[in-house]
Amino acid sequence: MKILFFGQLREQLGVAELLVNDGPDTVGGLREILASRGDLWQQYLSSKDVLVAVNQTLCDFDTAIHEDDEIAFFPPVTGG
Amino acid sequence: MVESAPLINIIVQQADFDHAQEYQRLKDHGSQYGAIVTFTGLVRDMNLGESVSGLFLEHYPGMTEKVLNDLAKQAAQKWSLGAMTIIHRVGQLAINQQIVFVGVSSKHRSEAFEACQFLMDFLKTNAPFWKKELRQGSEHWIQKKQSDELAAQKWDT
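Residue numbers (our numbering), protein chains in the order written: chain A, 1 to 80; chain B, 81 to 237.
Bound-form chain A, shown alone (with noise of 0.2 Å):
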């Protein structure tokens, strides 16, 4: 699954874009995994306002997802 990241996340995590094989099958799984890439990581998509799209739409956590999806993280919206 090819995960994104933008914005302010995007920053602090130093990465724009990941390549996951053999994900889990839901969002929060997914969180998980990458929280567990290190301190920064754990820190950053812990935060209660982090977004989550699947396949360009916002989700919850509890979303199911499926190896050829694209999922993005990203803190709340600015733009207008």
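Think of the hints as simulated: they come from the structure by calculation, not from any bench.
Because the structure is a prediction, the values reported are computed rather than measured.
Here a beta-carbon is modelled for each residue, glycine too, at the ideal position from N, C-alpha and C.
Hints are not guaranteed to be accurate.
To be verified - Here are some, though not all, of the chain A residues that point toward chain B, as calculated from beta-carbon distances under 7 Å:
(1) G7
(2) G38
(3) L40
(4) Q43
(5) Q56
(6) A64
(7) T78
(8) G80
Put chain B on the given structure of chain A with help from the hints.
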């Protein structure tokens, strides 16, 4: 008579836009529409008491366009509209440059006013854009504002 679906034009681009040209496009859409409301957002030189030298705007290519298109379709369900244009710029922007344009045409003014405000309120809270403020020698990601959340929530009631 069945009304046709409104014309929807969504653009996310680095380049500037021509307000007069966008207004003309809305105006030319049909003579049955007697009202056009447009909103243009610009880069301010001050924010929360800090002097700002410019902005950097990031978006999520694909999702941003999809969210804006969905918002326009929601507006089309709520009001009888002629045409809607949403243009949002990304990349590096200097003070006083144009950031965003929302234009709506309708038969009468109240629908165009309300739809324009609805689109801006939800663009601010739902469309995946992120703004970084450039100050003298430093950069700061802008945090979400509760006033923006409240502005969007008022449409639920």
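Here is what the structure says about each hint:
1. G7: This interface hint holds because 3 Å falls under the 7 Å limit.
2. G38: 21 Å, violated
3. L40: Since the shortest Cβ distance to chain B is 16 Å, the answer is violated.
4. Q43: For A/Q43, the interface hint is violated, since the closest Cβ of chain B sits about 16 Å away, which is over 7 Å.
5. Q56: 4 Å, holds
6. A64: 19 Å, violated
7. T78: 5 Å, holds
8. G80: Result: holds, 4 Å to nearest chain B Cβ.
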